Every structure is written in structure tokens, then in C-alpha cells.
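Participant: Line order of the protein sequences matches chains A and B. Going by this note's numbering, 206 is the number at position 206 of the first sequence; the sequence numbering is gapless. Every position in the second sequence, counted from 1, becomes a number in this note's numbering once 346 is added.
Rather than coming from a laboratory, the hints here were simulated on the basis of the structure. None of these values were measured; they are calculated from a predicted model. Don't be surprised by glycine CBs; every beta carbon is placed ideally from N, CA and C. One or more of the hints may lead you astray.
Claimed, not checked - Heads up, simulated DSBU-like pairs for lysine-lysine below, C-alpha to C-alpha not over 30 Å straight-line:
1) K484/B / K343/A
2) K403/B / K568/B
3) K482/B / K343/A
To be verified - Derived, one-sided and incomplete: chain B residues facing chain A with beta-carbon distance under 8 Å:
4) S399
5) L442
6) A451
7) A506
As the list claims (entries may be wrong) - Estimated spans, in silico, between C-beta atoms of each pair:
8) K331/A / T534/B: 35 to 45 Å
9) G478/B / I117/A: 45 to 55 Å
10) P522/B / T25/A: 39 to 49 Å
11) G478/B / W19/A: 19 to 29 Å
12) I20/A / E475/B: 15 to 25 Å
13) G30/A / G530/B: 46 to 56 Å
14) V435/B / G30/A: 43 to 53 Å
15) P322/A / D526/B: 38 to 48 Å
16) G27/A / L486/B: 25 to 35 Å
17) S420/B / G328/A: 38 to 48 Å
18) S205/A / P522/B: 32 to 42 Å
So you can see what is in the structure, the chains are spelled out below.
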Amino acid sequence: MTAVDTVAVPNNANSARDWISGARTLGGTGLLLAALAILPSFLGPFNIVLGAQILAYSVVALSLQLLWGRAGQLSFGQAAFFGMGAYAYAILGTRYELNGWYILAAALVIPAGTALILGYFLFFGRVRDAYFSIVTLAFVLVANQVVISWRSVTGGDTGLTRVPGLVLPFGGFEVDFTSRNGRYYLGLLIFSIALFVALLVRRSSFGLVLEAIRDDENRASFLGYNTPMYLTMAFTLSAALAGVAGGAFASISTLAAPDMIDQFLSIQILTWVAIGGRNYLAGALVGTVVMRVLNNQVSDVLPESWPLVVGLFFVVVVMFFPAGLVGGLAKLRAQLASRRVEKARA
Amino acid sequence: MDESQSLALESVTVRFGGLTVLDDLSLRFGHSPISSLIGPNGAGKTTVFNTFSGIVKPVSGSLLLNGKDMTGHSPIEIARAGVVRKFQVPTVFHNLSVGNNLKVAAQSPRIETAGSAKDIRWSTGDVAEKLGLSSKMKTLAAELSHGERQWLEIGMAFLAHPRFLLLDEPAAGLGPEESDHTAGLIRTISEFCKTIVIEHDMRFIRELGGDVTVLHQGRLLKQGTMEEIEADHIVRDVYLGRDADA
Ligand SMILES: Nc1ncnc2c1ncn2[C@@H]1O[C@H](COP(=O)(O)OP(=O)(O)OP(=O)(O)O)[C@@H](O)[C@H]1O
Ligand SMILES: [Mg+2]
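Only chain A is shown next, with the shape it has when bound in the complex (with noise of 0.2 Å):
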């Protein structure tokens, strides 16, 4: 044998229906951010940023879903990630006059960066599911240590306010984010970026070999995949997204607190995801919804018990719907199905 004898095979068995799914998805998803985007005119100037800030949770939820969903690597130390972009965001903006385009490069970066070098040690040191959760709930803590001691850069316990909501600038012109529609089309337009990016991870070849290694981690290696490596540029992506969500939020309510980076809302946003859906991405937005409204309403007309009440609704949805409200339709919509064929059969 004297050279490689490469015979390419076309693999196009399947693109046409492939395509059609992809255009499906793509219209579904255009009509969902079009309905999104003439919202604000039906809501009411206080729920305009509750709105506002439930699409940027929906965006920590979506990264979360990447890590927890697609990769199976539970992480409650997402808050860490989100609070680190919204400190970020905050000491830059009250303190320096700087272009908005490298505050939001900042919220991505730094987040992103900690979560490669903490997951390459992470993963090539072998700690998976509950260990590496462990891990993170321990990451998050400390995070949160660290912004409460930290009084002179961080404002400790207060945290800090009156932080500039986001200006880009383009070329001549610069996009405000800062009036109250600016700031709701400031968490649509990041909402809209991550689903993006999580409809080309689904779509990729890297989502899919994720999917393999939640599925059977080994198996993936021996076919040759550096799974660590898979693993830790998934947790880099996720915390990418979180810190650009966590900027996003700290902007559109101007402040940045301690609790936007501890435990409790590490725990919150895995309630999202887990009642929405953790393998459907509109199960982020639909989580989100329903805790954050339900949390408003619940806690005005309960003060004490709140909690209870949310937490009770949250064990209920997760017994019934194993894959969450959005997976529970899913599959109510199969069923219906099935039993139509049957009929049509009979």
C-alpha cells in the first residue's frame, strides 16, 4: 500500500429531513423572540424589569441546562459564575469610564476564564457528578466569602448601587440599554444570543459527543474522544454565559449584591431548569417563568410561608413531570400522537 485510499462516502442520507427540523426549529424559535419582543407593550413599568430580569435568569438557566442537560455535570456553584459577571459588570461600571464593550467582555471573560482553570482541574483530576457538585456548592460558598469580606471593591454586605446600565457603542452611533424598554430589550437581545448558541451546541458535533459521555463517559474515551477536555470546555462555555447573564442583570437593576452570587440562588436556578426541563431549551425560559412568577405572587400574598409553598410546588411538578413541565408535554404531544395513528389504523 502506498498512500491512503481515502474514499469519501457522502453522508447526506438524512440532511433533507434534517433540514426541515432545522428550519422548524429556527421559525419556532423566530416566533417565540417576536412574541417576546412586543411584550413590553402589555406589561406594566414594574413588570417591564421583571421581565427584563427573568430573561436574563432564563439565560443562567440555559447555561446551567448546557452543563446539567446535555454534559449530565450538576454544578450548584452557577450563581458563582453569574455573580462574578455581575461584580464584574458593577466595580467596572461605577468606578472607571469605560466602553460598555469591554464591561461585558469582562463579565464573560472572567467568569469563563476561573471556570477553565478550575475545570481542567476538575475534570482531568477525575471528579464527576456528586463530587464535582460538591465541589462546586464549596465554589460558590467561598465566592460569595470572598464579595461579603471584600468591603473595599465589592461593598461587602451592601453590595453596590447606582451602577450605569449598559451603552454599546457601534461605529458613530451607541445602543442605550438604560431607560426601562432598554433594559428589557438588554436581557432579549443576550436571551436571544444564548439561545442561539445553545441551539448550535444541541445542532454541533460537540453537543452531541457531550450527550455520549453523560451517557457513558468511558465508552467515549476508548472511541479515542479527551473526554476531561469536553467536559471542562463545556463548564467554560456554561460559565461564559452565566457571567454574561450575571453583567446583563447587575445592568438592568443596577446594583450588584451578595446575594446574587451564593448558595440560595445556585439552588433557584436548579429549580428552573429541573422544572422546566433540563433537555429542552425552551424548558429554561418556562422554569424561569413559572419560579420567579410564582416566588412574586406567592411571597406578596404569603410573606411567612412563601417558601413552603414554592418548595412544595417544586417537589409536586418533579414527582409528576420527572422531565420537567416542558418534557411532560413533550411527551403528553407523543402519546396523543401514537393513539391518533392507532386509531387511524383501526
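Got chain A; can you put chain B with the ligands on it based on the hints?
Facilitator: Here is chain B with the ligands on its own, set in the frame of chain A:
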């Protein structure tokens, strides 16, 4: 001897605690497209595969791929160098569809070594057809029958660009027809890469053809053609005799 297509152990000893599982074992595969590795339960067959794929590190001796020393390399490096295996317990990605299982395998990274083997890039569709799984591309692997899962794993291993394909008991738990289909698959595959098969079923090994290596208590008992093996009375005593007793 031509070393460009060989997978070998040289004086390999493997111990688990106090138990010597491979005992100064030297073995070489690659002269025949299909080789079978047989031996009684606990002889060390799976351990030979584990040593080939870097899961088990020998206390002494070396592992050679195409004459190159691969001792101490990680399973990932060895897989990329082209030693790919199918496990004794079928391991596929249960929550992925058949099509995606094949895709993950086909896209797995490898080291291009020009001139080493006839290198055909198969489409997952073609392989699915050979496996008899074309109509199940969208089915989750968890929903396949035992036999189908064995075939899927063989197909995945094949798509992962092996130079050497190691199959640990590919016919275990299969009925006669499924077993024949498996033997046919392996013969087809062996046209493209060297294939080493661990099996207990002598009928299956006869069907495969190729040379046979007999392992006993971590040592090489005999290597030869099926006829030579069957004629050997020591082999018959320690291993084949078992069939007569049963
Ligand atoms: N990881 C391990 N730790 C301890 N002992 C082991 C380990 N792996 C294998 N052994 C022992 O090594 C011996 C050989 O095992 P091996 O799995 O290689 O046998 P085998 O020839 O594949 O047997 P079978 O036909 O039953 O699959 C057995 O006694 C087994 O118990
Ligand atoms: Mg075995």
C-alpha cells in the same frame, strides 16, 4: 518479520494484588486478518485486551503496535492510534439514537498514518445497512434487542477507524441465526482491518476461520490454525475437553 501490521505483547506480566493473571506472556497478532483468542474462564483473555487498550498497565513487559512501543500510553492515545474495542458487556450510548451512536463513533479522532492500511471513510448509513439496522436509525439504543446492541457496538468500533479491532465475546447470548449474522459481519470487517475475537463458542470460531490462540492461566498454550489446535491433545485436555464433558 513484517511489523507494519502487528499488535503484540512481549514478556508481559499483569498482577492484580497477589494474583498473576498474565504470566510473562508474549503474543503477536496481525499475520492473519482474523484471529481468535480462546481459553477457559479466567484464563486472562479479557485482560489481554485490557492490556492492548491501555486500561491495564503491566508490571513488566511491553506493548507494541506496528513495532512501536506503546507501553504506558493512555487508553485515549491507544484508541487514536487505531486499537479499538468492543467490550464483553455491550456498551453503547443508551440514550442516543442508533444513528447518533454511529455518528459519534465515525467522528472520533484518529491519527492519520499514511500507508498503514486501506482507509475507507464509511458513511454511517452504509454501516447501518451492513449491520441490518437501517430501519432503526432513529431508535434509542436502549430499545434495541441484545443482538442488535452487539451489532451496533461492532459497527461503532468499525466506524472508529481501527487498525486493530478487538471484539470481546461478540456472539455471547445470541441465537444461532444472530450468531451467523455476527460471524458474517466480522468476516466483512476483517477485509478492512485486523480483527481479534475472544469467543467460547467453537462453532463460531470455526465459522470465522483465521488462526487461533489458546490462553491458559495467563500463559500461551498454543497458536495455530483451527485444525492444529483441535489436533493438540493438551489443548483438548484443558479446554476443548470441557465441551465433551458438558
Ligand atoms: N480488575 C481486576 N481486579 C482483580 N482481578 C481481576 C481484574 N480483572 C480480572 N481479574 C481476574 O483475572 C483473571 C482473568 O480475568 P479475565 O477477565 O482476563 O478472564 P477471561 O479469560 O476474560 O475470562 P472469561 O472467559 O470469564 O471472560 C480472573 O481470575 C479475574 O478474576
Ligand atoms: Mg473475559
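Participant: Of all the hints numbered above, which does this structure not satisfy? Sort the numbers upward.
Facilitator: Violated hints: none; all satisfied.
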